[in-house]
Amino acid sequence: MSGAPVATPPDRAGEAAGNPIFEARNVSLRFGGVRALTEVSFHINKGELFSIIGPNGAGKTSMVNCISGRYRPTEGRVFFKGKDITDMTPNHRASLGIGRTFQNLALFGHMTVLDNIMVGRHHLLKNNFLTGALYWFTGARQEELAHRREVEEIIDFLEIQHVRKATAGTLSYGLRKRVELARAVALKPDLILLDEPMAGMNLEEKEDMARYIVDLNEEWGMTVVMIEHDMGVVMDISHRVMVLDFGRKIAEGSPEEVLADPRVRTAYLGEEDETDDVQQEVA
Amino acid sequence: MAGTTLIPSGDFKTSYGADTTVFPTATSRNAAILGVAVLLAAPLVFDNYWLNLLIQIGYLGIAALGLNILVGFTGQISIGHAAFFGFGAFASAWLSNSFAIPVALAIPLAGVMTTAVGLIFGIPAARLKGLYLAIATLAAQYILQDFFARAGWFTGGVAGTIAEPFSLFGYDFDTDASYFYVVLAYVVVMFLLATNLMRTRDGRALVAVRDHYLSAEIMGINLTKYRTMSFGISAFYAGIGGALYAHYLQFVSVEGFTILFSIQFLGMIIIGGLGSIMGSLMGTAFMVLLPETMQALTDSLSGTVIDRALNLKDSVAFLREMAIGVVIILFLVFEPDGLAHRWKQIKAYWKLYPFSH
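Protein sequence lines correspond, in order, to chains R and W.
Counting in numbering that gives the first Met the number 0, the final residue of the first sequence is number 282, and the numbers go up one at a time with none missing.
Counting in numbering that gives the first Met the number 0, the final residue of the second sequence is number 356, and the numbers go up one at a time with none missing.
Be aware that one or more of the hints could be misleading.
[Unchecked claim] Pairwise CB distance ranges (calculated):
#  : chain 1 : residue 1 : chain 2 : residue 2 : range
1  : R       : GLY199    : W       : ALA148    : 35 to 45 Å
2  : W       : ALA17     : R       : GLU217    : 45 to 55 Å
3  : W       : LEU33     : R       : LEU144    : 25 to 35 Å
4  : W       : ILE119    : R       : GLU152    : 35 to 45 Å
5  : W       : TRP152    : R       : GLU149    : 52 to 62 Å
6  : W       : VAL188    : R       : GLU149    : 27 to 37 Å
7  : R       : LEU144    : W       : ILE119    : 34 to 44 Å
8  : R       : ASP214    : W       : LEU104    : 52 to 62 Å
9  : W       : LEU104    : R       : PHE136    : 51 to 61 Å
10 : R       : GLU149    : W       : ALA17     : 35 to 45 Å
11 : W       : ALA347    : R       : LEU144    : 26 to 36 Å
12 : R       : LEU144    : W       : VAL37     : 28 to 38 Å
Because the hints were derived from the structure by calculation, they are not lab data.
All residues carry an ideal CB built from backbone N, CA and C; glycine is no exception.
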């Protein structure tokens with residue numbers, strides 16, 4: 000479907016156990032007296048599709064913010080590709096290869112879709128205000144056009160060709176979600192963080208989004224971290240799942256293991272009979 | 000910026016290069032080239048009064064474009080723009096008077112010096128937002144104004160300073176007709192540079208910082224760098240505008256660069272259209288021509304019944320300022336996107352007639 004650059008063949012969860020791309024060690028995050036995260040440790044393997052689930056307020060987005068750099072953990076360290084990134088600014092982390100989307104849309108509302116996605120190329124482009132202003136004489140034109148070509152591949156992949164010249168703020172919710180994903184993909188991240196990519200979507204849009212995510216993981220070779228409330232999707236496409244509750248990690252493992260964990264049942268999936276319903280849904 | 004441009008059907012782009020041009024269509028490009036060509040003939044047609052107005056629109060338009068990059072594109076605020084404009088004027092005069100640097104070289108150098116000053120005052124911009132930033136730039140306005148009055152070595156103190164006329168290859172551009180070409184060349188170059196900037200990496204980063212600074216940072220944009228840089232670029236344009244002003248009047252006085260002048264710059268870009276490059280020029284033209292129009296209006300009213308009843312003749316200046324204030328309010332209410340947006344709508348109306356969209 001796309002001329003996506005095919006990177007390394009996807010490592011399956013179990014096979015890649017010894018190859019973490021990201022690691023959190025005893026991460027705690029406090030806002031005054033509120034403990035958003037308490038001593039959370041986990042790792043994400045290269046090539047994995049890793050989901051973080053948990054009830055509302057469990058600390059999922061806080062965890063993702065600690066990875067992308069919007070929050071700095073109060074205690075503990077985070078490592079990316081073996082490097083300690085705890086003290087790095089978000090823009091520095093982006094240039095290392097961490098991209099993300101937001102739970103509440105965070106597009107550049109007055110820019111066109113194309114410009115939004117081109118912003119994702121920021122750390123890959125070399126031209127600056129001087130060479131950019133002297134467009135024709137400094138090679139900035141060639142560079143911009145080369146990146147435009149690659150961005151068009153992402154636009155093809157996410158099927159947003161028809162809106163590429165539209166102002167981002169005027170698009171429908173589902174389209175905006177896709178543009179946001181395109182912008183994160185444009186960063187060419189090794190690790191892409193998706194904060195509720197399917198929230199507020201109808202079934203068809205969810206199916207499309209699930210397909211994009213699986214393709215990103217398997218064809219584009221990106222390691223995906225996903226926060227999602229739709230259990231059907233999480234259980235279907237994740238390789239491994241981590242469950243947070245009140246800022247603590249209560250379970251981690253394959254979707255089946257997590258689903259079978261009694262603590263998860265009581266904390267997240269609720270009472271006994273409801274759990275059965277969910278399992279039926281999943282099946 | 001915002002809003003899509005109407006491209007005539009059948010005008011298909013077959014390369015990314017053709018889709019990334021300065022002007023969206025061949026017609027608009029030819030119209031712009033024709034416009035510049037017509038302006039080249041202006042000194043043959045217009046008298047000095049009109050040339051003076053056009054030159055004013057030119058150098059003020061360059062400075063207004065700088066402010067638009069800061070306010071319209073980056074979403075910062077500055078109420079000290081006139082001080083940077085003044086600094087550019089003094090810097091260029093100082094460079095050519097004290098170091099015998101040719102004026103043609105002193106103007107861009109003055110732009111660079113003003114950039115340095117702008118960067119210094121831009122440092123707080125990285126940490127402040129909205130009203131707080133406005134107050135910080137107000138400080139820049141007063142500090143620089145005070146500096147102009149005290150730094151006699153630089154500005155000639157209260158007496159002001161003489162500025163050499165612009166000269167190139169032994170030819171002095173000291174008449175309105177000849178200086179017009181200098182300003183026109185600068186306007187074309189500075190506006191092209193800004194257009195290029197806004198369609199490349201750093202220009203997009205500036206707009207991204209304006210629209211959503213949190214996600215801009217996640218996209219790898221260094222907020223501190225770009226907020227400060229925006230002040231630098233804005234000061235560069237102000238400096239070039241100011242330098243052109245200095246060598247036009249050939250005299251710079253310390254009194255002109257007040258906060259009122261700064262607010263007039265803000266008026267220009269609001270009326271022209273925040274975040275629009277051509278809007279900066281339109282707004283400047285509007286602000287320069289408005290007082291003249293008001294003057295003409297009051298002149299034609301003089302001696303009539305209305306004049307005798309209201310006694311307008313003595314309060315023309317007052318009426319002018321009031322008209323500017325009223326116009327800014329009317330624009331904020333009815334056309335917050337400015338003249339540039341209105342112009343787009345007029346074009347769309349003609350293209351789509353008789354349908355409304």
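*With 34 to 44 Å as the target window, see if R:LEU144 and W:ILE119 comply at their CB atoms.*
About 37 Å separates the Cβ atoms of R:LEU144 and W:ILE119, which means 34 to 44 Å holds.
*Does the hinted range 35 to 45 Å hold for W:ILE119 and R:GLU152 at CB?*
Given about 43 Å between the Cβ atoms, the range holds.
*Lying within 35 to 45 Å: is that true of the beta-carbon distance R:GLY199 to W:ALA148?*
For W:ALA148 against R:GLY199, whose Cβ atoms are near 60 Å apart, the range 35 to 45 Å is violated.
*Indicate whether the distance between the beta carbons of R:GLU149 and W:ALA17 respects the range 35 to 45 Å.*
About 18 Å separates the Cβ atoms of R:GLU149 and W:ALA17, which means 35 to 45 Å is violated.
*asked:* Between the beta carbons of W:LEU104 and R:PHE136, is the distance compatible with 51 to 61 Å?
replied: 20 Å, violated
*Distance restraint evaluation - W:LEU33, R:LEU144, Cβ atoms, bounds 25 to 35 Å*: 28 Å, holds
*Satisfaction of the hinted span 52 to 62 Å by the C-beta atoms belonging to R:ASP214 and W:LEU104*: 57 Å, holds
*In this structure, is the beta-carbon distance linking W:ALA17 and R:GLU217 contained in 45 to 55 Å?*
At 35 Å between Cβs, range violated.
_Range hint compliance [Cβ, W:VAL188 to R:GLU149, 27 to 37 Å]_ = 31 Å, holds
*Could you say whether the range 26 to 36 Å given as a hint is met by the Cβ separation of W:ALA347 and R:LEU144?*
Distance hint for W:ALA347, R:LEU144 holds at roughly 29 Å.
*Within 52 to 62 Å or not, the Cβ separation of W:TRP152 and R:GLU149?*
54 Å, holds
*Indicate whether the distance between the beta carbons of R:LEU144 and W:VAL37 respects the range 28 to 38 Å.*
Distance hint for R:LEU144, W:VAL37 holds at roughly 33 Å.
Hints 1, 2, 9, 10 from the list above are not met by this structure, while the remaining hints are.
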